[in-house]
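Below are the chains, spelled out letter by letter.
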Amino acid sequence: MSDCDGGRVAEGGDEAVAATAFELLQNAVASIGARLREVQLPLHILLSSPFGELNENQEELLAAARDATDAADLHLRQLAKLLDLERGATVMMPEPISLPDLLRPALAIAIARAAQSRIDVQVHLPESAPRVLVDAVHAQEALSAILTSLVSEVPERSAILVDAAEDESGAVRIVVNHEDVASAQSLEWRLATRLIEAQHGRVCQERGRITIELPR
Amino acid sequence: MKDASRPTFVEPAREPPYRPDPSPDAPDFLQLVRQRGRGKLKVYIGSAAGVGKTYRMLTEAHAMRARGLDVVIGFIEPHGRPDTAALIGDLEVVPRSHVAYRGITLDEMDVDAILARHPEVALVDELAHTNVPGSKHRKRWEDVLELLDHGINVISAVNVQHLESLNDVVQRMLGVTVRETVPDWVVSRADQVVNIDLSAEDLRQRLIDGKIYGKEKVRTALDNFFTAENLTTLRELALREVASSVDRMREDIVRREEGHAVPAHAADRVVVALASNPPHTAMLLRKASRIAGRLNSDWYCVYVQTPEERADRIDPALQRRLVENIQLAQSMGAEVVKLVDRSVSAAILRFAREKGVSLVIVGQSTRSWWHRLRHGSVVDELVNNRNGLDVQVVAFTNIEHAPGQH
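Order-wise, the sequence lines are chains A and B.
So that you can map any letter, position 199 of the first sequence is 199 in the numbering used here, and since no number is skipped, the others follow by simple counting.
So that you can map any letter, position 328 of the second sequence is 328 in the numbering used here, and since no number is skipped, the others follow by simple counting.
By construction, these hints were calculated from the structure, which means they are not laboratory data.
Treat the hints with care, since some could be wrong.
[Said to hold, decoys possible] Straight-line C-alpha distance at most 25 Å; calculated DMTMM-like pairs for lysine to aspartate or glutamate:
(1) B/Lys136 to A/Asp70
(2) B/Lys139 to A/Glu86
(3) B/Lys217 to A/Glu59
(4) B/Lys136 to A/Glu56
(5) B/Lys136 to A/Glu38
(6) A/Lys81 to B/Glu180
(7) A/Lys81 to B/Glu146
(8) B/Lys136 to A/Asp67
(9) A/Lys81 to B/Asp112
(10) B/Lys136 to A/Asp73
(11) B/Lys136 to A/Asp84
(12) A/Lys81 to B/Glu142
(13) B/Lys139 to A/Asp167
(14) B/Lys139 to A/Glu166
(15) B/Lys287 to B/Glu308
(16) B/Lys217 to A/Glu56
(17) B/Lys139 to A/Asp14
As the structure is a computational prediction, the values presented were derived from the model and not from experiment.
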């Protein structure tokens, strides 16, 4: 299996249909978001205990409800962000950054999560890793999402190997080898892919391997 | 974003007067904010509430304003601490936004109002805070990123247990689940990170004196979160976090200024060249481990990736063996380093020179003499080096040859 262009919401095809689909999706995101807020707000208020202390059961039930609505809210916001990216409304501010600096925070989180599942994350970055020209904030967000979602998908006690090298064209390639798993192609994954692509990079997924290309 | 110019250091918690940050190489945050472009971020890290992060932020804000900068308070929560509240003084405060729900009003930082006001510097406390539902962003750190994107410099603060990568550690060591977290990459892009350090005893004393929480909460806090053990653990985490940042910064400076990192202590180090053949490698690693142990020195396990072994070309089976060998080396205490080069021997020799290695350990070649004649031999090239390096060639006996060695 290989997915190097990851299922665009709209690419080519009938632009009018794509525009309508975008509009419908945007309206849906806004509408569902507004309803969700009506649930989130009372939960938030109740959990801050303005009407007296909650007992343990009440607090547990309300916290579970809050967590579920927060997850739904996150999903909607990711969708909105993906729509913004698709219509080119996200501003990128590229700057040169060294590869270790770019990867380190994403790896820190991924390694911490991996340790919980006894997944071994091996990282090999060249001593003289070149700098890449990316929007550090969006690139780190994307790399973090890719690595943490991979950690959640691979089997316990397996290994992930993160490697980096410069390819013939001058682009920097981060290669993540892992035990092959069926990719969920989650919204988070798509968002991460788009964030890389929006800065002239590329994410390619094939059996047991993810390759992320970043421009120099 | 990390940068060579990024100062990261530990500063003891203290009362005013404010003075510029004391690292000799550190540009004052004032200098950083005068650079144009994306806003600069300064983050105060502390081990717990009450170490004085907010106090330091406010002191710094007054000092900056005195030096002609346009500073506003985007969000400060004094938590009922009189000293902190008093220190706000006449600093401009951007009014908070209000979210009303059936007669109840909730306050939140008004990120759009700060953007409209567009100060040079905004103080935004509690980086890990989760915003009220319906806010522009879910998390305060997202608000901060937007301010930075618009060229507004931000001074913020966070407790170490809120760092996402430490979430599990904190839960395991302290038994505390931290719900509000900041992704490490957010703190990592700070231009300055300052650790406000306070001993566990001093912090507990501040708690007892009522400087952190109201009197009614003190006993519970002392018995639960603010135990000496918890605070010491958190303090260590904060110090470790900042210390590793210092190391990274130093490495980056050396890498940029000198091209290659040269360690301060470079004597009697041992390097072993890693091959991908597990039985041979295990023997090689045991040998290197014993020698390094006798020399009481650091030892490196170096794997040289040639173009044929690039990650996207290497045979998956070979890759797995390599990972096994790397794990084995790490379990024996080696620092594993990957180098990329067309020539295995040249890469090892260069690495040895840069790291002050005095002994290279390599396995006996299992190639045929004909292959060695035609293609050369890594072992021969190492043995014939002119760098004054000792080379020890380990003989493999009673082990079947396996493919994939270089």
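Hints versus structure:
1. B/Lys136 to A/Asp70: 14 Å, holds
2. B/Lys139 to A/Glu86: Between B/Lys139 and A/Glu86 the Cα gap is close to 23 Å, so the pair holds against 25 Å.
3. B/Lys217 to A/Glu59: 20 Å, holds
4. B/Lys136 to A/Glu56: Roughly 31 Å separates the two Cα atoms, so the pair is violated.
5. B/Lys136 to A/Glu38: Within the cut-off at roughly 15 Å; holds.
6. A/Lys81 to B/Glu180: Answer holds: A/Lys81 to B/Glu180 is near 22 Å, not above 25 Å.
7. A/Lys81 to B/Glu146: 14 Å, holds
8. B/Lys136 to A/Asp67: Holds, at roughly 19 Å.
9. A/Lys81 to B/Asp112: 18 Å, holds
10. B/Lys136 to A/Asp73: Since the Cα atoms of B/Lys136 and A/Asp73 sit roughly 12 Å apart, the hinted pair holds (cutoff 25 Å).
11. B/Lys136 to A/Asp84: Within the cut-off at roughly 15 Å; holds.
12. A/Lys81 to B/Glu142: Status holds; Cα separation ~13 Å.
13. B/Lys139 to A/Asp167: 38 Å, violated
14. B/Lys139 to A/Glu166: 36 Å, violated
15. B/Lys287 to B/Glu308: Violated, because 28 Å separates the two Cα atoms, which is more than 25 Å.
16. B/Lys217 to A/Glu56: Roughly 19 Å between the alpha carbons, so the hint for B/Lys217 and A/Glu56 holds.
17. B/Lys139 to A/Asp14: 37 Å, violated
Going through the hint list in order, the structure does not satisfy hints 4, 13, 14, 15, 17.
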